[in-house]
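Asks: Based on the provided sequences and hints, a complete structural model is requested.
Going letter by letter, the sequence shown gives residues -28 to -1, 1 to 338 in mature numbering (1 follows the signal peptide of the UniProt record, and there is no 0).
By construction, these hints were calculated from the structure, which means they are not laboratory data.
Careful: at least some of the hints might be erroneous.
Pairwise CB distance ranges, derived in the manner of DEER restraints [what the hints assert, rightly or not]:
no., residue 1, residue 2, range
1, A201, A7, 28 to 38 Å
2, L289, A182, 10 to 20 Å
3, Y29, D129, 29 to 39 Å
4, R292, D8, 47 to 57 Å
5, L289, A201, 49 to 59 Å
6, V290, E93, 31 to 41 Å
7, V290, R215, 37 to 47 Å
8, G331, E125, 18 to 28 Å
9, A182, F92, 30 to 40 Å
10, P200, E93, 35 to 45 Å
Since the model is a prediction, treat every value here as computed from it, not as a measurement.
Here a beta-carbon is modelled for each residue, glycine too, at the ideal position from N, C-alpha and C.
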Amino acid sequence: MSGYGRGRRWAVLAALVAGLCALPAVVAALPADDADVPATALRDAVLASAGVGFSGYAVSAGGLTLPVSDQLPAVADLLSDRVQLRVWWRGEDEHRVDVVTAAGETGVHVDPAGTWTWEFESATAERTGPAPLALPAPPDLVPAALGRRLLSEAADDELSRIGARRVAGRDALGLRLVPAAPAASVARVDVWADAATGLPLAVQVVADGASVPALDTRFLDLDPTPPPAAVVAFTPPDGARVRPGRDAGGLLAEADRRLTAVPLPAELAGLPRRTLAGAPSSVGVYGRGVTLLAVAPVPARLARGLQAAVRASPDALVDRRGVRLAAGPLGLMLVERPGRGTYVLTGTVTLDALAEAAGQVPGGAP
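Replies: Okay, structure coming up:
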């Protein structure tokens, strides 16, 4: 065969390969079919999608540089890195999420009785039970679950429609939530929901004053059919190290036992207190929807690490009320109570709201 003929064959092959590689991007760029669905009706469709089973591949990009101590590195990795998620979802209490981060690969298997967390590199399985309070975990970043959670308490007048998009090769209708609370640090939440099932396919959370999302999670591939139960279930393999897990509920319960509880008021920074069944008596949660504030005692061993991490940040604000810091829409404040230990105030509220709340907690500096 002549050199010209071989060159032409390779040119055709290269063009074919390039076309195949570009196909996902081309499909995603196709115009999406929109629909004349009111914002409130789309919100209702999203909430009704809780019973839809699916499997898929998603990616989450977080921009929250959290000042956590060495006891909570997984939380920082999850919310500050680009995270790849492989998801098998049969229901809210029966699903599996495999996550790959810079720290390694982890499988999270949720069943009605609790959660298995499987660390592939160390062959370690941790078991935790259901708890009213929990640290962020990989399933929280799945677009379908996150979108439902963020819209679950949205008022009608906080919602509006935005343009449709193609997400994971599917038409996705856009919905915007702009929280009404003056204390809110979230400027907006944008959700794109599957036109056929209501499943949230992409979610962006933008902090007040920011131009890029603090959290951006979306499906790249989706199959809206329930996966087999055997794929979701987990049994520790032979030779695995099995141990009980430690969650936020355990840390707070320890603090509740060791510290003298501060009687918390019915309102902080203009946010009403919520009822949280099963939470320690010393923990208070305030607000609604995407504007939430939590107040809780911190065990001394954790407080020291948090204090050091927050104070080390050049953006930390220190005054008579305590030390506080913002990471995107998430605010964090540590307050010393003489004879009562350290309290943490954290949530999706502004730094001014944190300072106001700290002054309203009994024993706080005005």
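Asks: None of the hints should be skipped; say for each whether it holds.
Replies: Right, here's what the structure says about each hint:
1. The beta-carbon spacing between A201 and A7, approximately 34 Å, falls within the hinted interval of 28 to 38 Å.
2. Under the hint 10 to 20 Å, the C-beta atoms of L289 and A182, about 18 Å apart, fit the expected range.
3. The hinted range of 29 to 39 Å is satisfied by Y29 and D129, whose Cβ atoms lie roughly 36 Å apart.
4. Between R292 and D8 the beta carbons are some 55 Å apart, a value that agrees with the proposed interval 47 to 57 Å.
5. Range check, L289 to A201: Cβ separation about 50 Å, and the 49 to 59 Å hint holds.
6. The given range of 31 to 41 Å is respected by V290 and E93, whose C-beta atoms sit roughly 39 Å from each other.
7. The hint said 37 to 47 Å for the Cβ distance between V290 and R215, and at roughly 38 Å that hint holds.
8. Taking the beta carbon of each, G331 and E125 are about 27 Å apart, inside 18 to 28 Å as hinted.
9. Between A182 and F92 the Cβ separation comes to about 35 Å, which falls inside the hinted range of 30 to 40 Å.
10. For P200 paired with E93, a C-beta distance near 26 Å fails the hint of 35 to 45 Å.
Comparing the model with each numbered hint stated earlier shows that hint 10 is the single one that does not hold.
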